[in-house]
Amino acid sequence: ELKVEQNPLFLSMQEGKNYTIYCNYSTTSDRLYWYRQDPGKSLESLFVLLSNGAVKQEGRLMASLDTKARLSTLHITAAVHDLSATYFCAVEGRGGADGLTFGKGTHLIIQP
Amino acid sequence: GAGVSQSPSNKVTEKGKDVELRCDPISGHTALYWYRQSLGQGLEFLIYFQGNSAPDKSGLPSDRFSAERTGGSVSTLTIQRTQQEDSAVYLCASRTYQETQYFGPGTRLLVL
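Chains as they are written, first to last, in our numbering: chain U, 417 to 528; chain A, 3 to 114.
Hints listed in this document are in silico derivations from the structure and should not be mistaken for laboratory results.
Model, not experiment: these values are computed from the prediction.
Glycine is no exception: its CB is placed at the ideal position from the N, C-alpha and C atoms.
This list has only true hints and no planted wrong ones.
Residues from chain U that keep clear of chain A, each with C-beta distances beyond 12 Å, as calculated:
#1 442
#2 443
#3 483
#4 486
#5 496
#6 528
From the structure, some residues in chain A lie toward chain U, with a derived Cβ separation under 8 Å:
#7 35
#8 37
#9 44
#10 45
#11 47
#12 50
#13 57
#14 58
#15 93
#16 102
#17 103
#18 104
#19 105
#20 106
#21 107
#22 108
List time: in silico BS3-like cross-link candidates among lysine-lysine, alpha-carbon distance up to 25 Å:
#23 520(U) to 419(U)
#24 13(A) to 457(U)
#25 59(A) to 520(U)
Produce the complete structure using the sequences and hints provided.
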């Protein structure tokens, strides 16, 4: 059974600071996703990571994947209030037939 | 272009009633997924369609849940004899090959 663990589950930080969210998964997988969810809203796709060593960046967010360690990180640089949201990592197995297995999410609050 | 749409956006029903939730995927997306999001269980994968077929229905929580997809497009998720534990947000996602899953806005179901 594929399991996905995120940490921390809750993070409060100040604007301008850097921080990293970690995502560990239990079995080999084809791809890893990061999503953002704002309160009362649906999931917004941030990154899809397809291979070992993959790194993707969008604005102040950067995601990386280490398939040997079964670890992905989402790094936040110089945080701003607008990045406050819940961030989920998700792993896909069996070529998509099993859907995505999600972590519990990291609730991020960025304070001015 | 148009994203994934779901209806109704909110549904309040009485215990024991049947409900039908609808998902209209992005045009041309052959893969369609249903998920459920609740406070206690987080995000759970329910079922996957490739075209009109669902190879594996084991993710559905009970035999009160069924899903179909017609014409390779619209999908409906039906819950019979609803129970209070069915209260959740039901999310639909679609994608084409090798892409991320794009999520709809969800249907918030409350069973009284």
